[in-house]
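In order, the protein sequence lines correspond to chains A and B.
With the first letter of the first sequence counted as 1, position 7 gets the number -2 in the numbering used here; the numbers rise by one all the way through.
With the first letter of the second sequence counted as 1, position 182 gets the number 173 in the numbering used here; the numbers rise by one all the way through.
For the record, the hints were derived by calculation from the structure and aren't laboratory data.
Just so you know, not all the hints are guaranteed correct.
Note: identical chains are not told apart, hence a pair may lie in one copy or across any two.
[Unchecked claim] Straight line, CA to CA, 25 Å or less: simulated SDA-like cross-link-like pairs of lysine to any residue:
# : residue 1 : residue 2
1 : K17       : T(-5)
2 : K148      : L188
3 : K99       : P177
4 : K157      : A109
5 : K148      : A108
6 : K157      : D63
7 : K157      : A67
8 : K157      : L188
These figures come from a predicted structure and were not determined experimentally.
Next come the chains, spelled out residue by residue.
Protein chains: 2
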Amino acid sequence: MSSTLDSNACKLLFTEARTANLFLDKSVEPNLLREIYDLMKWGPTSMNCCPARIVFLTTPKAKARLIPSAFDGNVARINSAPVVAIIGQDMEFFQYIPHLYPHAPENKKVFEDNEFAAEATAFRNSTIQGAYFIFAARALGLDCGPMSGFDNARVDKEFFGGTHVKSNFLCTIGYADSAAAFPRGPRFAFEDVCQVL
Amino acid sequence: MSSTLDSNACKLLFTEARTANLFLDKSVEPNLLREIYDLMKWGPTSMNCCPARIVFLTTPKAKARLIPSAFDGNVARINSAPVVAIIGQDMEFFQYIPHLYPHAPENKKVFEDNEFAAEATAFRNSTIQGAYFIFAARALGLDCGPMSGFDNARVDKEFFGGTHVKSNFLCTIGYADSAAAFPRGPRFAFEDVCQVL
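So here's chain A without its partners, still in its complex pose:
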């Protein structure tokens, strides 16, 4: 295997990738949803805790259940996307630590006894897995539109009632209509946000 990513791959994932706004009328092959997961699942999480839970909305009927929770600016994006993923977090993720982290199963209790640590770990690690989701989708040739502009409590009630899962963020996926992309925003320079000690 090569030891670095070539420039075309860097363009695909980083330097020329753009957030999708609206999408072309082109469906996402159902098997790609599984392929996204089968790439993203390998990314590292704290104690391999893997708290992300994903609901893929693939039909107009399923997306219609999400629309009342979305902020106005995101409704057209959701309607335009062939698939919308709800990236959720299992607040009881620690129940699975004995399985996922077998050399230190006692860490289950650390989180059972410390709600603050459990919440921060669920949020941090489901978010980091959400980033792996974005990169996995891009690796498979899909465009993504991650969004946090929605009513989390309402989504939780609609999709995660009776469970310990809470929504984290949404991500539209499909093939972007590049004509609808926003101008790319500026980024900080290295010196603005990095220090070397």
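Using the hints, position chain B against chain A.
Relative to the frame of chain A, chain B by itself:
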């Protein structure tokens, strides 16, 4: 540019990448720190808010300032790593929204007026940028050891005193000693954690 990532690149970033435990005695070229940032900065954040702030610890003296804050299990990892990055979050990130998100500068006020939203946005988006950091480092041939086992408040006092930055997580970088890797942990199957509606 190619529209999908080839299998070697998928191995490098996802399927064969492993979390680094201990490192070889091989330094990280200083310019690679800048290259990591210049890749990761392009990843999407909410309203392009870019809240991540990074401190690279590249000398034994700088790492020694971190050691008292680290949980016992992470001390050897920090000592072994040629570079340790502190991934921080600027809790006043919204001050820069008029620059970073010029088509909606008024969103600065949304966060000024809502501390809960500001904190969640800083945490979520600095974390997602931390994931981009990991993938950028891997893209450049480096191995990473992300860690959240440390005393955040103590790190904040030591490295971010007098600023609005708080630590999120740590990430060692370098060239891993593969002999010191842990056995890979299991992952959930698609059916365990994903639903298709």
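Structure versus earlier hints, numbers of those that do not hold, lowest first:
none
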